[in-house]
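Chains as they are written, first to last, in the working numbering: chain A, 1 to 287; chain B, 1 to 354.
These are calculated hints, taken from the structure and not from any lab test.
Beta carbons: idealized from backbone N, C-alpha and C, even for Gly.
There could be a bad hint or two in this list.
As the list claims (entries may be wrong) - Residues of chain B placed beyond 10 Å of chain A at every Cβ, according to the derived structure: (1) Pro16; (2) Gly35; (3) Gln85; (4) Met126; (5) Leu179; (6) Asp209; (7) Gln210; (8) Thr224; (9) Val226; (10) Lys254; (11) Tyr260; (12) Lys314; (13) His315; (14) Met352.
Claimed, not checked - For the chain A half of the interface with chain B, some residues (derived, Cβ under 8 Å), not all of them: (15) Pro82; (16) Asp189; (17) Ala191; (18) Ala195.
So you can see what is in the structure, the chains are spelled out below.
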Amino acid sequence: MNKTINQKAWWLILPVLVLVAFNAFIPLMTVVNYSFQETFGNNQFFWEGTTWFEQVLNSDRFHAAFLRQMLFTAMIIVIEVPLGIAVALTMPKKGPWVSVCLVLMALPLLIPWNVVGAMWNIFALPDIGLLGYTLNSMGIDYNFTQQPVSAWITTVVMDVWHWTSLVVLLCYAGLSSIPDAYYQAASIDGASKWAVFRYIQLPKMNRVLTIAVLLRFMDSFMIYTEPFVLTGGGPGNTTTFLSIDLVKMALGQFDLGPAAAMSLIYFLVVLLICWTFYTIMTRDEVN
Amino acid sequence: MAKIEFKNIRHAYPAPPGQPTVYALEEINQIWEDGGAYALLGPSGCGKTTLLNIISGLLIPSEGSVYFDGKDMTSLPTTERHIAQVFQFPVVYDTMSVYDNLAFPLRNRNVPENKIKERVHAIAEMLELTDSLKNRASGLTADGKQKISLGRGLVREDVKVIMFDEPLTVIDPHLKWLLRSKLKELHQQLRVTMIYVTHDQTEALTFADQVVVMYEGKVVQVGTPVDLFMSPQHTFVGNFIGSPGMNVLPGEIKNGQVSYHSHVIELTQNYDKIPEGKTEIGVRPEFIRFDSSGFPVNLERVEDLGRYQIATVKHAEDMIKILVPEEQEIPSENPRIVFDPEKTHLYRNNWMVE
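Excised from the complex, chain B in its bound form (with noise of 0.2 Å):
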């Protein structure tokens, strides 16, 4: 179990010569708990992958320090770090059978043979892998090669941290979902600290507590799922998170008024304090609904989802999506809208303004 602390950390990969360094990640200090459950979550070439290299040790960053539990580690090789990693893609070895690789990571550190059988049994068990122990790993399918990598961090008593990184591309759909629970469950059962890297929103936001957002090797916000949604911190984590994203509108604060396309919105949220000119309205399409004492829009489509339906409006330039109830009727004539004023947020230059 540690705590982990990451302070002024940097990092740019070599850059071609005549060309400036890029960094992969910018500063970031963050302090992450004790058992918890984290999702590292952003697009691809976000950094998130160098920020779980550098916590595993695989990579040592240009500028700044990881601390566990207090103690410096930025330096320190992976073998002496005490953390697990599980792949995008399963690494077995081959040509062994699930139990030798169970045992490996046991028998590299000089682990007496009996005390690794009771390891391996009770990991085995753990992991529903029991009646495969005897079997050569590479017949295996991918979701079990997965639970093998997995469990070779697991079989290791010292582990404090266990590092996912995508480790459900390769799993099959209906798999998938099982694997996940999988893993919550034993998070509750180990209470290790478990980082989970991916690009998925529904991955991780079923498996963390914590969900640390990022974007071009920044960490944009760091929250529950619930956060997430309902406040948005930058307007980046309000289109990546929920399907469709935020909407994001030109608007302008004036006079003690927001307004957008000179239609005033309400807004419960004090915005005094706020400078006056231009911002952006972020609503989600959730917070949407049709009222006639909005502002007139266009009804450009809809596409029904089933449970739901999209609808796509037009006013001025802007594409408004508005999530509609199944059962509720969409007015065809002239439609007006209007903005949950509870949970429409300002932004300005992306980042939220309170």
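For reference, chain A alone in the conformation it holds in the complex (with noise of 0.2 Å):
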């Protein structure tokens, strides 16, 4: 086939180029700057090579909040997708009812972060809240502004709480993406339930649980307003993950190289895994 070929076409992604330019690029450019320099204000800077990346990623603090954030994620992934589906798979596929559960489903979606975090905080406080009081006047020795493994529980629960919806919004889509006639056709081969789930709606998700999976693994590694409002990073560190870390580091404590090298190293790990698990699912398709 014959590609007509103009370069005039460029100039139409000119603007996209120049917004791209100012919101990521030029911000992400500034970080690598103070990555590889020592400033002490006055826009002076001294060169200081691969020191801050190598103290970074041979400091005990950020393997911790490395591991912590690694345990985070793979939990609430491990409890988001499966519920996701199971809670998807029991929504009404047609009738009145579908819109009124989409909207229960979109509305922890639909909640601002900082307000799902003080929320759960008011909700789990074990003098004054509703779950802490009632768990506490059970019996269960609950209190997560003290115990780290309360603190833990609270802060999975929360997220989700928060980001299941999301998961199932998006299973739910490619569940009815699915034509009746397959139903139809399992039943006539006298499919069981478990093996119409099994052969057809799993292989017909699997686009939709990659978009969900790699979503949820981007932003609960990214996650920081919801445990800042809810633990602080608390008790002690015990729920410091890595970017509530960064934030000490950076505007706590004011070391702009470590947090930039940081930064950056961050950056990278969410990308190569997102690189790498996105390769994954998507290569049976090219084959």
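Could you fit the two chains together into a complex? Lean on the hints.
Take a look at the structure:
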């Protein structure tokens, strides 16, 4: 096939290039700038080479935050994805309840993130919160402000509450795109409910699940607002995830060099994991 | 193998509140013979898919019953009916190989693995799928996928009826013909009752021994392709089958004569018993010829289709289509036409009168 080659079309993407330059590329370059230099203000910079990177990569503090982050992300994906699929499967396919369910599902997604944090903070307070008070009066020793385990459980449950809806909505979209003929053919073939799920619904949800896992990985790996409002990273450092640690380093201690180096490492890790995951998940389609 | 019987079947889908019930199917009484090849032919929305779903058990009719070999099947679930269905869009289980796809219905019925192997290989042989048994089903072309859908039906030995719901819609034109001959061949080989739903007359006429023409929820005629062509019972059949369709012209029966705009039309058919009054004259473009003994018309246009020509002529306000053999000259000066007396029919309220 002959394609018409017209290089003038490049001008059409100029506005977007300018926009991306100002909101992503230039700020990122500033961070790169900080990560290789030391500054004491007054716009004076001293070349440091890879010192900050070595420092961050060798610090126990970074390792600990990184592990906590990995654990948190793994936990919420393991919970939210199967739960999301299960909820999507039980949602009605047609009728007036569809819109009711969709609105209910969308509600948690519409709440500002700091409000989610604040809600759960008050909800879980052991002395006045509905959840905290109830648990304690049932004889369960629960105090997320003091016990690391309670703090972790609360953070994970909060994230599940906030974001499972996203997985549900994506899966529901995937399920509704399956033509009726598939279910009819399966019923003629005598397939059990499990076989229908395993051989029709799950394969047809493949794409949306890839997107769901990617989105949930990225968002949870960069989570900041909700745990910051809920636990502030505590008790101690037990819920200090990467982004909370980063903000502490950059704005709390004003260590701009190490913070910039950490930002870049953080960014590359997210990029690398997303790329690996996406490549594996879409490998079959290419073949 | 099964004989299928419909007794007083009617079906209405739930109407929106406050609106009258509309029947998608109206009063169907039919007996379809065991081992026959039937085609359900009709335009979109005529109720053919509804009727098919009633046979397959995906739908339970509002009224009436369905019998297979005299056994009431009306409310039996799909799995217990010994039927298979091929859908408009190919249904394959994407993650499975072609072999696993074909084996799927048997595995669900707990057939032993060695028996499955034997059946799958036999069916794959029949459908010319042996070479791709190990491939993933999702990589196949549309016609390959349709073969798998069909194979999943054939692989079960208990299947008595196979239904096809417009199975060639997504197939490339040059493969349609191949797949259709394959179906015909399989039908002769296996003698399973086959029901083929389509809105394409060529598909219906080439596939079926008996064509069931449906229109607005009713069966208007059941017959061989020749019956439908030579004596359409309803003007809809006349129009729908044949290309171009039958000419339907206003006529009148008076004093034992049929006339069209005061021109007497000679018919061999006996119409003494038909009450006098308005009637419709149905004549196919194939059975009209230019002849100086006929009535005058104005030649409007001629389309040359290669093997034959279609002349459109006008008389009064009526447009009449005439099929003319390629080598034959069309008179340009004062053309006159006559209808073939044997092959012209009379209709009243769209139904043929005899």
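Against the structure, the hints:
Every beta carbon of chain A lies more than 10 Å from that of Pro16(B), the smallest distance being close to 13 Å; the non-interface claim holds. Non-interface status of Gly35(B) relative to chain A is upheld: no Cβ of that chain comes within 10 Å, the nearest being about 20 Å off. Taking the minimum C-beta to C-beta distance to chain A, about 6 Å, the non-interface status of Gln85(B) is violated against the 10 Å cut. Residue placement check: Met126(B) keeps its beta carbon more than 10 Å from all beta carbons of chain A (closest about 18 Å).
Residue placement check: Leu179(B) keeps its beta carbon more than 10 Å from all beta carbons of chain A (closest about 18 Å). The beta carbon of Asp209(B) is kept farther than 10 Å from every beta carbon of chain A, the shortest such distance being approximately 24 Å. The Cβ of Gln210(B) sits about 24 Å from the closest Cβ of chain A, beyond the 10 Å cut-off, so the non-interface label holds. Its beta-carbon lying about 30 Å from the closest one in chain A, Thr224(B) satisfies the requirement of being farther than 10 Å from that chain.
No Cβ of chain A approaches the Cβ of Val226(B) within 10 Å, the least distance being about 34 Å, so the stated non-interface status holds. The beta carbon of Lys254(B) is kept farther than 10 Å from every beta carbon of chain A, the shortest such distance being approximately 55 Å. Against the 10 Å criterion, Tyr260(B) stays outside the reach of chain A, whose nearest CB is about 49 Å from its own CB. Distance check for Lys314(B) against chain A: the nearest CB is about 47 Å away, which clears 10 Å, and the non-interface claim stands.
Distance check for His315(B) against chain A: the nearest CB is about 49 Å away, which clears 10 Å, and the non-interface claim stands. Listed as a non-interface residue, Met352(B) keeps its Cβ farther than 10 Å from every Cβ of chain A; the least gap is roughly 37 Å. Interface hint at Pro82(A): violated, since its Cβ lies 19 Å from the closest Cβ of chain B, which is beyond the 8 Å cut-off. About 4 Å separates the beta-carbon of Asp189(A) from the nearest beta-carbon of chain B, less than 8 Å, and the hint is met.
The criterion of a C-beta within 8 Å of any C-beta in chain B is met by Ala191(A), whose closest approach is roughly 5 Å, and the hint holds. Below 8 Å, beta-carbon pairs count as interface contacts, and Ala195(A) has one with chain B at about 7 Å; its hint therefore holds.
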